[in-house]
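> Here's the letter readout for the chains.
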Amino acid sequence: MKYIDEFRDGALARNLAASIAAEADPRRSYNLMEFCGGHTHAISRYGVGDLLPPPVRMIHGPGCPVCVLPIGRVDLAIGLALEQRAIVCTYGDCLRVPASNNLSLLKAKARGGDVRMIYSPADALKIAQAHPDREVVFFAIGFETTTPPTALVIKEAAHLGLANFTVLCNHVLTPAAITNILESPEVRQLGTLPLDGFIGPAHVSTIIGSGPYEFFAEEYRKPVVIAGFEPLDVMQAILMLVRQINEGRAEVENEFTRAVTREGNLKAQALVSEVFELRRSFEWRGLGQVPYSALRIRSAFAAFDAERRFQLETRSVADNKACECGAILRGVKHPRDCKVFGTVCTPENPIGSCMVSSEGACAAHYTYGRFKDAAIVVTPALTAAG
Amino acid sequence: MCLAIPVRVVELRGESTAIVDLDGVRREISLALVDGVQVGDYVIVHVGYALSKLDADEAARTLALFAAAPRGQAA
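Just so you know, the protein sequences line up as chains A and B, in that order. Residue 83 in my numbering is what sits at position 83 of the first sequence, and the numbering runs on without skipping anything. Residue 37 in my numbering is what sits at position 37 of the second sequence, and the numbering runs on without skipping anything.
Only true hints are included.
To list a few chain B residues with every Cβ distance to chain A over 10 Å, as calculated:
{"#": "1", "residue": "Val10"}
{"#": "2", "residue": "Glu11"}
{"#": "3", "residue": "Leu12"}
{"#": "4", "residue": "Glu15"}
{"#": "5", "residue": "Arg26"}
{"#": "6", "residue": "Val37"}
{"#": "7", "residue": "Gln38"}
Label pairs and their computed distance ranges (CB to CB):
{"#": "8", "chain 1": "A", "residue 1": "Glu251", "chain 2": "B", "residue 2": "Glu28", "range": "37 to 43 Å"}
{"#": "9", "chain 1": "B", "residue 1": "Glu28", "chain 2": "A", "residue 2": "Val378", "range": "51 to 57 Å"}
{"#": "10", "chain 1": "A", "residue 1": "Arg85", "chain 2": "B", "residue 2": "Glu28", "range": "28 to 34 Å"}
{"#": "11", "chain 1": "A", "residue 1": "Gly248", "chain 2": "B", "residue 2": "Ala69", "range": "21 to 27 Å"}
{"#": "12", "chain 1": "A", "residue 1": "Ile4", "chain 2": "B", "residue 2": "Glu28", "range": "17 to 23 Å"}
{"#": "13", "chain 1": "A", "residue 1": "Gly112", "chain 2": "B", "residue 2": "Val39", "range": "42 to 48 Å"}
{"#": "14", "chain 1": "B", "residue 1": "Arg61", "chain 2": "A", "residue 2": "Glu251", "range": "17 to 23 Å"}
Which bits of chain A does chain B cover? Going by a derived footprint, with three or more residues having C-beta under 8 Å, they are:
{"#": "15", "segment": "4–18"}
{"#": "16", "segment": "29–41"}
{"#": "17", "segment": "59–70"}
{"#": "18", "segment": "113–122"}
{"#": "19", "segment": "147–158"}
{"#": "20", "segment": "197–204"}
{"#": "21", "segment": "249–263"}
These are computed hints drawn from the structure, not numbers from a lab. Backbone N, C-alpha and C define an ideal beta-carbon position, used for all residues, glycine too.
From just these sequences and the hints, can you work out the full model?
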């Protein structure tokens, strides 16, 4: 497919790997965080890690909306399905996120809750129109990429005067999460998480542009390279980061120029700010309460806010004690450091959220990398006959 | 979650709707978030909405970067 296949070419990948190996200084290390789950997935799926020289180390970031969705918010959606008997519509990724009482939205569906998987928020609107006698709630999650479509359906619902449609909004913001990581004690004081640069989001940046990252380059002296989600995009971004670090630069560079500008999508930004406003604080799995890191629906659209209509209050619920998702989302631990990884916690039976979505660090490592860590044991053949 | 794919616009329908082609699969998408899309353009589609147009010249430039010789002049 055009604009996909060319960006996965093996020969070009080897060429980029040779450049990275030639230019990475073996006397120092390059600790690079890929913020997005989309990049985590590409790195695992295409074995990009194996093409990198020893000084270059990739750290998975918290840019996976399913992974950072706290239990308390999923509990709200389950409550709407089971107690309020509402039709709860959501993206497929959200269905298996573990919540309280050993439940998930999928298990709530098995218990008779009307939970429906949708591809587009426009589908939720159609369901609301088809069932005027039922409350229909769209459980909306996602970073800046996914927020403009939610804003559009809220406006459309207002236009249509739909009285039975609301949105439970969990939209979160990328720059706030990056700030939280840069301000975390592991990075600032303890030095346990060395960070030399960031690979910036692909599709989030189509909306917000490359401008918002300039603060991180200037204020924290961390280079940022925005990259597309294909493996060659990631490798080119790594090369650009290695060059910035070698030259002592900390700038925002854009590898994904085919879709990202400095300003971003102004039309989408205007729409989002018309419908949403900042929350003073929002809980993230792994990061805890992060100030001004999420959006809520403005009072002008209060009629479409599920939190207002059903007077919902979010409880903070602790993760499973054995689960290391929190530390993994902060970049402090790797999935292989988790005791339940691949044993109790698998994609079929996820204990933690990072094992749910394909772009979660644990799911990506489970699917594409878990056997790399296994020791190879050579057993002598018993007999020559077989 | 932020999965989005480049698809080719094959037909415009009304003000803000288009039919796109993805390797033979046709689908209706919304153009409400982008302006000035023409038939033949590639757009990046996420949950049924085009987020941005794909710039063919910039894509060619990026592909050329991948092919640059190691230790090249680009540094």
